[in-house]
Each structure stands twice: as C-alpha cells, then as structure tokens.
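S.K.: Just so you know, the sequences run in chain order A and B.
Each residue of the first sequence is one higher than the one before, starting from 1347 at the first, in this note's numbering.
Each residue of the second sequence is one higher than the one before, starting from 1347 at the first, in this note's numbering.
Worth double-checking, as some hints may not be accurate.
Because identical chains cannot be distinguished in the list, a pair is counted as satisfied if it fits within a single copy or across any two copies.
Claimed, not checked - Once the Cα atoms are required to be at most 20 Å apart in a straight line, the calculated DMTMM-like pairs of lysine to aspartate or glutamate come out as:
#1 K1366 <-> D1428
#2 K1387 <-> E1410
#3 K1357 <-> E1411
#4 K1387 <-> D1420
#5 K1357 <-> E1400
#6 K1366 <-> E1394
#7 K1366 <-> E1411
#8 K1387 <-> E1411
#9 K1387 <-> D1362
#10 K1357 <-> E1419
#11 K1366 <-> D1420
#12 K1387 <-> E1419
The set of hints was computed from the structure by calculation and includes no laboratory data.
Protein chains: 2
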Amino acid sequence: MPIIVVDVMPKPEILDPQGKAINGALPRLGFTEFSQVRQGKRFELTVEGEVTDEILAQARTAAEEMLSNPVIEDVVNVAVLDEAEGAR
Amino acid sequence: MPIIVVDVMPKPEILDPQGKAINGALPRLGFTEFSQVRQGKRFELTVEGEVTDEILAQARTAAEEMLSNPVIEDVVNVAVLDEAEGAR
Chain A
1347 MPIIVVDVMP
1357 KPEILDPQGK
1367 AINGALPRLG
1377 FTEFSQVRQG
1387 KRFELTVEGE
1397 VTDEILAQAR
1407 TAAEEMLSNP
1417 VIEDVVNVAV
1427 LDEAEGAR
Chain B
1347 MPIIVVDVMP
1357 KPEILDPQGK
1367 AINGALPRLG
1377 FTEFSQVRQG
1387 KRFELTVEGE
1397 VTDEILAQAR
1407 TAAEEMLSNP
1417 VIEDVVNVAV
1427 LDEAEGAR
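With the rest of the complex left out, here is chain A (with noise of 0.2 Å):
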C-alpha cells in the first residue's frame, strides 16, 4: 500500500536541544565530520489504495495543521515514498 512521508524539521531560527545533545555527543564517540545536528520528526501516512492528487492535499493539510507547530516547525517534506523504499 502506498505511503505518504511527512518530514517536520524544527525552524532554522528555533532552539534544538535534542540535536544539540546530540551534536556534542558525536565528537566523543568519534565522529568528527557533522558540524551541526537538527532533530525533526517523519511521519509515515499509510493510503489505501491510490494517491490521488486530492488525498496529497489531504495529507499536506493534515502536515500543516496537526503533525506540525507551525509556531516553531516547518513541514519540510510531503512527499509518496517510491515503491522500491516502500518495499522494505
């Protein structure tokens, strides 16, 4: 069954404790090369049957309205996962 993504990142201008606890968590385990870490949620809307262009609207509305705070995060990404990554 098809899957719609919903990628929700924190807004650039927004704190991230989370990404920043991790951000200084990478150096000690030996991971030098990321400079900064963002954390934001991805949510994965399961359609039964087709993705039609009106239920895409459906779940862009839904992104901007309920899976995000529009206050502090940007809906990044709302997008069908291809079949091949849907696979797994």
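We have chain A already, so just place chain B on it with the hints.
M.R.: This is chain B only, laid out in the frame that chain A set:
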C-alpha cells in the same frame, strides 16, 4: 553546506503509541484517507565541505550506533539532501 538526512522509524512489529494517537485524531479532524500512521525521527547532519564516501559511511555508522535504537528502530534512509531542497 551539504546536509545528510538520516531517517529512523519504529520497527513494524513495535507498537508506536504516538502514531496510534495521531491515527485516532485524524478522522476527528476530517482526515479520513489514512489507514495507518507511524511516527519516526528525521536527523539533519550538516557537513563542512564535500560529502565524501567516507563521511557518508560515518553518517551510516552514527545512524546505526547512536541515532537509532536497533532493538526497536530501523534506519530507513541515509542520504545527502539534494541542493534544491537544501536551499530552503
């Protein structure tokens, strides 16, 4: 600066109470097209300079060893964010 995206989702056999809660709330708000919702995490790792194969491999290792809990989560995606999306 290039960004590596790491996506982590709860394993299919693991209960996902946050996803279940969203799934219950969606129809009440008029979103009726989605049969299942799962909530995972999205990390954005900023890299200074070019993303070499070595850095991408390090991101994969960090994803498996630090950004996810392999008992309950799967790393479903580690990829460089394409420029167009990264420009936001």
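S.K.: Of all the hints given earlier, name the ones this structure violates by number, lowest first.
M.R.: As far as the earlier hints go, 1 and 5 are violated by this structure, in ascending order.
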